[in-house]
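Engineer: The lines below spell out each chain.
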Amino acid sequence: DQQVKQNSPSLSVQEGRISILNCDYTNSMFDYFLWYKKYPAEGPTFLISISSIKDKNEDGRFTVFLNKSAKHLSLHIVPSQPGDSAVYFCAASSLSGTYKYIFGTGTRLKVLA
Amino acid sequence: EPEVTQTPSHQVTQMGQEVILRCVPISNHLYFYWYRQILGQKVEFLVSFYNNEISEKSEIFDDQFSVERPDGSNFTLKIRSTKLEDSAMYFCASSVPGQGTGYGYTFGSGTRLTVV
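Just so you know, the protein sequences line up as chains A and B, in that order.
Everything in the first sequence is counted per our numbering, starting at 64 for the first residue and increasing by one.
Everything in the second sequence is counted per our numbering, starting at -15 for the first residue and increasing by one.
None of these hints come from the bench; they were simulated from the model.
Here the structure is a predicted model, which is why all the values come from computation and not from measurement.
One or more of the hints may lead you astray.
[Claimed, not checked] To give a feel for the contact side, a few chain A residues facing chain B, derived at Cβ under 7 Å: (1) E105; (2) P107; (3) G123; (4) Y162; (5) K163; (6) F166; (7) T168.
C-beta: ideal position from N, C-alpha, C; glycine also.
Start from the sequences, fold in the hints, and give me the full structure.
Structural biologist: This is the structure we're talking about:
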């Protein structure tokens, strides 16, 4: 039962262009969403989050958009840099309960110099 | 910046042996978690721990798994009799709900468990 889906396993983008990573979820009880970045042999690193009361959150080059009716969120990285090359996971949670996160399968982003 | 520390970074064990994976969460955090990632797959929730007891566990977390916080600082995951399919990266995480950067967790860098 994949409650959080990232349908693109990989994405290649030229340096300086926009990277758009997508995530879909099925559980309408989710009310908090995060994006994590992961390098090989390291733990996931928190990137940006959004609660269900918002539809956009911005932090520097990173913007997360949430479309609740479509149960879809996306991460925009502008401009993309080679150091952004990593695996990106979206994760979802319900703020009631134990705060566990359900992760998507990840999208490997490669930013080409 | 505070870190979640995991030891060892890599553990090789024979099938059927017991292993203990160790974690030192961030000191003022209240919730503790174990996740695992089988190679090439998604990060999966195993268990959450709060107030010295398990608050939630997944179906993966069967009787072969246990967690404890023996001394108020360490947080351990024990696998009693390892199987080949337990080979994965195991991540510890801790959090303080309501504080920090948007309820985000802090993950450790993981322990790679290889069962042979």
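Engineer: A separate judgement is required for each hint: does it hold in the structure or not?
Structural biologist: Now for the hints, and whether the structure bears them out:
Interface restraint check for E105/A: the shortest CB-CB distance to chain B comes to about 5 Å, inside 7 Å, so the restraint holds. Interface restraint check for P107/A: the shortest CB-CB distance to chain B comes to about 5 Å, inside 7 Å, so the restraint holds. Of the supplied interface hints, the one on G123/A is violated, with its beta-carbon coming no nearer than about 13 Å to a beta-carbon of chain B, more than 7 Å. Taken as an interface hint, Y162/A checks out: its beta carbon lies about 5 Å from the nearest beta carbon of chain B, inside 7 Å.
A least Cβ separation of about 5 Å between K163/A and chain B falls short of the 7 Å threshold, and the interface hint therefore holds. Of the supplied interface hints, the one on F166/A holds, with its beta-carbon coming within about 4 Å of a beta-carbon of chain B, less than 7 Å. Evaluation of the T168/A hint against chain B yields a held restraint, the C-beta minimum of about 4 Å falling below 7 Å.
Hint compliance for this structure: hint 3 alone is broken.
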